[in-house]
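Protein chains: 2
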Amino acid sequence: MISVEQHLDRILSTVKVIRPFEQGVLDAQGCVLAEDVTARGSLPGFTNSAMDGYAVHAADVASAAPDSPVVLPVVTDIAAGNTRPLSLAPGQTMRIMTGAPMPRGADAVVPVEATDGGIARVSITARSVVGQHVREEGEDVEAGRVVLRRGTLLGPGQIALLAAAGVARLRVVPRPRVVVLSTGDELVEVGRTPGFGQIVDSNSVMLSAAVTAVGATPYVVGGVPDDARVLMDTLEGQLVRADAVITTGGVSMGAFDTVKEVLSRVGTMQFDKVAMRPGMPQGFGVLGDEAVPVFTLPGNPVSALVSFHVFVAPALRQLAGRPEPAWPPGYLTAVATETFRSVPGKMEFLRVILDEDRARLAGGQGSHMLAALAAADALAVIPPEVTEVRPGEQVECLPLLGREAP
Amino acid sequence: MISVEQHLDRILSTVKVIRPFEQGVLDAQGCVLAEDVTARGSLPGFTNSAMDGYAVHAADVASAAPDSPVVLPVVTDIAAGNTRPLSLAPGQTMRIMTGAPMPRGADAVVPVEATDGGIARVSITARSVVGQHVREEGEDVEAGRVVLRRGTLLGPGQIALLAAAGVARLRVVPRPRVVVLSTGDELVEVGRTPGFGQIVDSNSVMLSAAVTAVGATPYVVGGVPDDARVLMDTLEGQLVRADAVITTGGVSMGAFDTVKEVLSRVGTMQFDKVAMRPGMPQGFGVLGDEAVPVFTLPGNPVSALVSFHVFVAPALRQLAGRPEPAWPPGYLTAVATETFRSVPGKMEFLRVILDEDRARLAGGQGSHMLAALAAADALAVIPPEVTEVRPGEQVECLPLLGREAP
Numbered sequence: 310m311i312s313v314e315q316h317l318d319r320i321l322s323t324v325k326v327i328r329p330f331e332q333g334v335l336d337a338q339g340c341v342l343a344e345d346v347t348a349r350g351s352l353p354g355f356t357n358s359a360m361d362g363y364a365v366h367a368a369d370v371a372s373a374a375p376d377s378p379v380v381l382p383v384v385t386d387i388a389a390g391n392t393r394p395l396s397l398a399p400g401q402t403m404r405i406m407t408g409a410p411m412p413r414g415a416d417a418v419v420p421v422e423a424t425d426g427g428i429a430r431v432s433i434t435a436r437s438v439v440g441q442h443v444r445e446e447g448e449d450v451e452a453g454r455v456v457l458r459r460g461t462l463l464g465p466g467q468i469a470l471l472a473a474a475g476v477a478r479l480r481v482v483p484r485p486r487v488v489v490l491s492t493g494d495e496l497v498e499v500g501r502t503p504g505f506g507q508i509v510d511s512n513s514v515m516l517s518a519a520v521t522a523v524g525a526t527p528y529v530v531g532g533v534p535d536d537a538r539v540l541m542d543t544l545e546g547q548l549v550r551a552d553a554v555i556t557t558g559g560v561s562m563g564a565f566d567t568v569k570e571v572l573s574r575v576g577t578m579q580f581d582k583v584a585m586r587p588g589m590p591q592g593f594g595v596l597g598d599e600a601v602p603v604f605t606l607p608g609n610p611v612s613a614l615v616s617f618h619v620f621v622a623p624a625l626r627q628l629a630g631r632p633e634p635a636w637p638p639g640y641l642t643a644v645a646t647e648t649f650r651s652v653p654g655k656m657e658f659l660r661v662i663l664d665e666d667r668a669r670l671a672g673g674q675g676s677h678m679l680a681a682l683a684a685a686d687a688l689a690v691i692p693p694e695v696t697e698v699r700p701g702e703q704v705e706c707l708p709l710l711g712r713e714a715p
Numbered sequence: 310m311i312s313v314e315q316h317l318d319r320i321l322s323t324v325k326v327i328r329p330f331e332q333g334v335l336d337a338q339g340c341v342l343a344e345d346v347t348a349r350g351s352l353p354g355f356t357n358s359a360m361d362g363y364a365v366h367a368a369d370v371a372s373a374a375p376d377s378p379v380v381l382p383v384v385t386d387i388a389a390g391n392t393r394p395l396s397l398a399p400g401q402t403m404r405i406m407t408g409a410p411m412p413r414g415a416d417a418v419v420p421v422e423a424t425d426g427g428i429a430r431v432s433i434t435a436r437s438v439v440g441q442h443v444r445e446e447g448e449d450v451e452a453g454r455v456v457l458r459r460g461t462l463l464g465p466g467q468i469a470l471l472a473a474a475g476v477a478r479l480r481v482v483p484r485p486r487v488v489v490l491s492t493g494d495e496l497v498e499v500g501r502t503p504g505f506g507q508i509v510d511s512n513s514v515m516l517s518a519a520v521t522a523v524g525a526t527p528y529v530v531g532g533v534p535d536d537a538r539v540l541m542d543t544l545e546g547q548l549v550r551a552d553a554v555i556t557t558g559g560v561s562m563g564a565f566d567t568v569k570e571v572l573s574r575v576g577t578m579q580f581d582k583v584a585m586r587p588g589m590p591q592g593f594g595v596l597g598d599e600a601v602p603v604f605t606l607p608g609n610p611v612s613a614l615v616s617f618h619v620f621v622a623p624a625l626r627q628l629a630g631r632p633e634p635a636w637p638p639g640y641l642t643a644v645a646t647e648t649f650r651s652v653p654g655k656m657e658f659l660r661v662i663l664d665e666d667r668a669r670l671a672g673g674q675g676s677h678m679l680a681a682l683a684a685a686d687a688l689a690v691i692p693p694e695v696t697e698v699r700p701g702e703q704v705e706c707l708p709l710l711g712r713e714a715p
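These protein sequence lines are chains D and G, in that order. The number in the numbering used here is simply the position in the first sequence, starting from 1, with 309 added. The number in the numbering used here is simply the position in the second sequence, starting from 1, with 309 added.
These are calculated hints, taken from the structure and not from any lab test. Think of the CB as a built atom: it goes at the ideal place given N, C-alpha and C, for glycine as much as any other residue. You can trust all of the hints, since none of them are fake.
Cβ pair distances, simulated, as ranges: (1) 644(D) with 702(G): 25 to 33 Å; (2) 542(G) with 326(D): 41 to 49 Å; (3) 546(D) with 459(G): 39 to 47 Å; (4) 500(G) with 701(D): 57 to 65 Å.
Input sequences plus hints: build the corresponding full structure.
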């Protein structure tokens, strides 16, 4: 029996970041940069107005005040999108819109609110200083500078910066492609009615959803029979498109545990009992020329989803090049509102409902019990040496993926 | 000038949940149930073994112990997927795998670990009680019972429960389809080099990414010119496929603010100054026969993304039928590590970097400054009546979407 930490360590010391790929900036959302990126152009690309108002020589309006307005002729309008370079002579003004290029010579913008809004001539009632309401070329980003570093996760703000700085394509770590393979003669596909002794293959849709929730791309290969040859052929056929493979079922102590039987002989696969509940039988290793990580999860649905959260999700994040999040923390602390019991010597993952910072059991805790799993917000993690958490005591909780949408 | 709360209230009291739609269970991930769903079958669907071991009459092994084993003949094996109903006579046993149907008559399972693992006959070294390691038909879910309620957000565990209970299709609130429309003669599309006076249309890719990050589906209509007729025609053409429209630009005080000019005349559109920085000029209303909500955001990228977080994201969640999350809270509390300054009378949204529970400014706070936006983890929210947050004081922060992947 190995500990949860030992199994996770083995996984994370094996899994490598996926080879980077060039993508369009929008398609790179949620991916991690695989290179430092430099700005092609400056931001702003030209000195422009920060306000709707009037471009002036600041010296011309130095004495302007509500009771002593300065009146200047308005020689033209400058709209955003004006591509003609203009020059402003002293003693004149131009009406200018937010984002429009400043005319040469002008060194300040008087906001429209500090004027009478005149079109041919304008009465200005507030003084201005050099640089006021002016955005200088390059004050945000200088061309040629690194704007984002390798390792940055790309969200809306990062994508905006890259696009604005003229970067349309860039090298990122692609989204992991994950083959989800469920095994068992007893499985019927979703939508068919199971006969006596059969069950719906709910693991494949559950894990597909979990893979999606962690930002990776699932490929479901459902209902592989308990046949060594078929399983091996299926696996080999899938390895070419997979950055990782997840199987469920066929790994416990039974006489017909095909996954364990077949995979024990190949690659670096290793099958262990992990000191956890649920999810004790775990297998992990790499297969094929590309050393694709393979996770063999137990077939009980609760065991499979717990194993996904504890072992697979961190590995998929590592494949995607993401740093483990310092913030928000993976775990959060809640206060138990009832007694949580746990077996000694195993890390226990209880399905709990969170109500603000209070946690209560979600219902039946059997590893086949889907109703409680579906009602739960999080897994309360009880360390191996703890056998009881009393009401009012704190407990670490691992939020379930997809339970709260963004 | 209206408050942030007033503008948000007007939006949220207008926006309705999108009409439900029937979808396959896997495609419904991230969606909210629009109906109570009842189980078609029981879970488990048949009484089965919770362990790999031996099905017995518990009475036969009542005296079993390590020093006085009970030896029973093994009459057959029962694998998971066995669809033949079997009967077990007293004094006999059947080897049974996890999930395999219990034979009639048997009332307990002895785990393989408490036996010698025999195949023709087995030596059992631990007593058993009725029901031990047996999962009763329907103990998790009874057929016909409501398994998930209307309003439930569907993640991996919920999808597994529905699939297992025989529900393949169900009515959910669809993902909102959001048209992102950027306006301005100065815009060039991403990947093209802007000339003098032009800028890359980074807002459309930024908001498209933000829409995706909130679980909705974006349709980008980029670079609409500042022409009233073109804008109106474009909008009308897009309304048919939109559950919401977001525009950026053209809503401030300028003489060429086409969006404001065109939309002021139609639907229930209303343009307000909102007491916030950045993001003061805001427009909202509904357009067309379907009363599609339209958000006109300011054109400065930081203003646009702040406005998205504060006004559009809550509205899209409401369109999608999601309850505002009680947990995790939208806001988190951090401690300022430097002085944050804010104008009086406006709610200020400062771009900050979080380091555990400490917040510091991300850099230049101008509403055009993308570098600081791209470096930030969150928006520190400074209420209108506060003009200064001192080091060590607490500040509420709104995490930026997509800044931390799941």
